[in-house]
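*Asks:* Going down the list, the protein sequences come from chains A and B. Residue 1 is where the first sequence starts when you use full-length UniProt numbering, and the numbers rise one by one after that. Residue 1 is where the second sequence starts when you use full-length UniProt numbering, and the numbers rise one by one after that.
If you are wondering where the hints come from, they were derived from the structure by calculation, not from laboratory data. Keep in mind that the hints are not guaranteed to be accurate.
A pair holds if it fits inside one copy or across any two, identical chains being indistinguishable in the list.
Said to hold, decoys possible - Dumping the calculated DSSO-like pairs for lysine-lysine here, alpha-carbon to alpha-carbon at most 30 angstroms: (1) 145 - 8; (2) 145 - 115; (3) 413 - 236; (4) 145 - 23; (5) 8 - 337; (6) 360 - 242; (7) 8 - 93; (8) 50 - 6; (9) 337 - 23; (10) 52 - 6; (11) 52 - 8; (12) 115 - 30; (13) 386 - 360; (14) 30 - 342; (15) 145 - 6; (16) 366 - 236; (17) 6 - 337; (18) 350 - 236.
In case you want the letters, here they are:
Protein chains: 2
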Amino acid sequence: MAELNKVKVALLGSGTVGTGVYKLINRQRKEMPYKVGADLVVEKVLVRDKNKKREGIDSSLLTDQWEDIILDDDIQIVVEVMGGIEPAHTYIKEALQAGKNVVTANKDLIAEYGKELLDTAEENGCDLLFEASVAGGIPILRPLKHCLAGNYLTEVMGIVNGTTNFILTKMAEEGMEFKEALALATELGYAEADPTADIEGYDAGRKMAIMASIAFNSRVTFDDVYTEGITNISSKDIQYAKEMGCAIKLLGVARNTETGIEVRVHPMLIPLDHPLAGVNDAFNAVFVHGDAVDDAMFYGRGAGEMPTASAVMGDIIDVARNIQFHCCGRIHCTCYKNLPIKKITEIESKYFMRMLVEDKPGVLAKIADTLGRNNVSIAQVVQKNKINDLAELVVITDSVLEQNFADALTSIKGMDITKEISTVIRVY
Amino acid sequence: MAELNKVKVALLGSGTVGTGVYKLINRQRKEMPYKVGADLVVEKVLVRDKNKKREGIDSSLLTDQWEDIILDDDIQIVVEVMGGIEPAHTYIKEALQAGKNVVTANKDLIAEYGKELLDTAEENGCDLLFEASVAGGIPILRPLKHCLAGNYLTEVMGIVNGTTNFILTKMAEEGMEFKEALALATELGYAEADPTADIEGYDAGRKMAIMASIAFNSRVTFDDVYTEGITNISSKDIQYAKEMGCAIKLLGVARNTETGIEVRVHPMLIPLDHPLAGVNDAFNAVFVHGDAVDDAMFYGRGAGEMPTASAVMGDIIDVARNIQFHCCGRIHCTCYKNLPIKKITEIESKYFMRMLVEDKPGVLAKIADTLGRNNVSIAQVVQKNKINDLAELVVITDSVLEQNFADALTSIKGMDITKEISTVIRVY
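Kindly generate the complete structure, drawing on both the sequences and the hints.
*Replies:* Structure, rendered in structure tokens:
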């Protein structure tokens with residue numbers, strides 16, 4: 001074989017994902033001449049403290065100077081795996097402006113600055129790929145941008161946060177309450193020390209913003225996403241759901257409707273025979289509906305060192321192939337539409353509402369009347385348990401406008417007979 | 001916008017898939033300038049009889065002369081959706097030799113002549129894409145070649161035939177017998193007039209050959225695939241499986257082991273909590289295991305006019321993007337290894353064996369003894385039903401060499417006490 005071209009890579013960050021990517025590049029070294037027609041080598045690794053030992057990483061590659069990378073014309077691919085907004089944002093922008101291709105796993109950044117960075121990539125004829133930013137190892141962005149590009153996609157629904165899915169699975173399977181399951185998730189390393197971004201749905205919201213942008217060809221940023229977490233869900237809700245043939249999942253839902261794009265993350269009851277209902281533990285899955293493909297689903301590990309590194313590596317290989325064929329920048333930003341985004345109050349949903357009310361005649365009639373006056377029709381009422389002389393009531397509504405339900409809820413909360421609205425969860 | 005480049009496409013065939021592709025190209029017409037930076041137009045449609053009316057297809061595009069296409073230098077993409085080996089094989093080869101890119105949905109052809117055609121594509125700097133040849137609308141080949149390219153993939157398992165999955169689902173859910181379920185599949189259009197290729201596992205075998213080749217970077221042709229169909233499965237087997245916490249599916253299994261590649265299609269008992277167990281009706285799914293990504297699964301519609309057209313259209317868009325960036329031929333044949341392929345007799349499996357034996361003392365001992373002498377150890381025995389004074393026995397073995405099990409089976413068949421070996425099914 002003739003002397004091979006060398007494609008040189010710089011890693012920004014050597015945390016969990018960075019270490020995984022470093023390992024994979026080395027593990028796949030012998031395959032690269034066949035897979036991309038070039039050698040792929042890590043040239044530099046940017047770290048905060050270059051004197052700190054990094055297990056398995058050749059210390060001669062470490063640098064704490066961004067200049068060592070940005071000024072090195074031989075580096076053609078910059079892999080950003082440091083996370084956070086700054087300095088990642090500045091580094092990526094400077095790299096693209098210097099004509100370097102960028103692969104990133106940074107969902108916070110892409111959900112916020114995606115347009116700016118993709119525009120910069122296009123201006124400079126560079127690739128900016130970010131498969132790992134959504135759903136870890138699961139191939140989803142490339143399938144949306146390429147394989148399903150012949151569809152008008154109308155729905156993307158995902159379980160895209162492994163921490164909360166693990167918690168909900170433990171609550172469903174072992175009857176744990178939220179706090180107990182969260183403690184277990186923390187102990188096992190599934191939840192971070194500060195779990196806010198996971199349990200409040202922000203992490204899932206960022207991923208939904210990225211997927212909705214690609215699926216609907218119109219920019220959606222994290223600010224556009226309505227988010228609601230799982231902290232109010234109790235094992236009792238999950239039990240009720242089960243009796244109704246449903247599971248409760250933290251779902252990201254993005255829909256392209258005639259009146260605009262809906263994007264939201266919240267807990268939801270979904271029928272047990274829906275493919276997403278069987279996605280358990282820390283697994284992720286994304287369900288897609290398009291006019292041609294109909295239903296499709298992508299399932300796998302949404303986080304972790306090697307699954308995330310797998311997605312980063314797929315992008316690196318893609319860029320390296322583009323470098324060999326002189327076609328970097330082959331895929332531009334695909335957000336060429338400017339569709340309106342609906343407010344959560346304009347969206348229709350079915351609701352599951354569990355509440356404690358006085359246990360006396362006429363109570364249900366009053367509640368039904370209040371719902372009715374707000375144009376909220378009832379699909380089902382379950383009254384089973386009594387708690388300290390109060391009746392526990394579960395009401396499932398038909399599909400109604402969020403604003404109408406919110407108005408009804410305010411009225412019901414203000415009624416004498418209402419002791420507590422325990423939970424409100426949307427229903428698929 | 002400046003005058004756009006026109007990318008001209010010829011369709012070979014106007015059957016179900018061809019019509020779907022024609023519809024999609026027109027439905028997506030306005031999107032193409034944004035998605036690929038060019039107009040995409042169908043220039044010619046090759047048909048057998050150009051005087052026959054084709055609903056929805058502009059009759060001025062019809063031709064029955066291959067020369068009209070192969071000699072037209074403006075046509076840059078040939079989309080082969082006629083099926084069968086000849087003349088598809090010749091046309092594709094000639095198109096590639098003439099420098100035209102090819103998209104095909106033809107699994108028979110790729111499973112047989114994949115190497116030759118990919119080599120021809122490479123020699124001529126052309127694209128040859130065939131996403132639609134496996135699992136219809138489900139994005140699977142591009143994820144394997146690109147997104148998961150940083151993995152050593154060790155396992156690909158798939159439910160890749162919708163007809164048989166529909167039949168097995170009906171047998172499981174409604175207690176139908178095979179013939180009844182097949183008749184229903186035929187009535188609903190899921191099964192062809194001659195269902196042999198589906199029910200004997202040949203169709204699935206071709207798809208497994210293609211996926212194994214890509215996943216393991218080593219050529220596997222249909223001849224290498226051991227196939228066994230579902231005609232011997234009875235609803236009774238499914239009932240037994242259910243009681244053991246399993247479903248019976250027609251599975252394609254490809255494994256890359258240290259001693260070689262295993263590729264086979266046969267019915268299999270899989271645990272109900274395996275993601276593939278919940279794939280029902282005519283849906284398909286492909287489960288993949290890699291050293292980095294761990295487990296991943298791809299789910300969707302494996303056949304049908306529009307889902308298959310969705311996959312073809314994804315390929316067409318990819319080629320059109322390559323044309324715009326002058327990088328056709330960017331992905332070569334990825335089979336750069338030459339791994340040995342194991343014979344079915346060299347493979348280890350667990351077995352489920354249902355039989356009718358004389359109902360008297362010592363019978364089980366004799367069977368157990370015969371199995372033991374062939375190095376087949378027993379994991380479980382169930383004896384429940386009596387049928388006309390005979391005992392129905394179900395034996396589950398541990399993982400044993402296929403050859404040993406086959407030898408034991410021959411001996412057991414020859415024993416006086418054995419009245420019938422009703423079914424033998426492998427167990428996951």
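*Asks:* Which earlier hints turn out false for this structure, listed by number in ascending order?
*Replies:* Result: no hint breaks.
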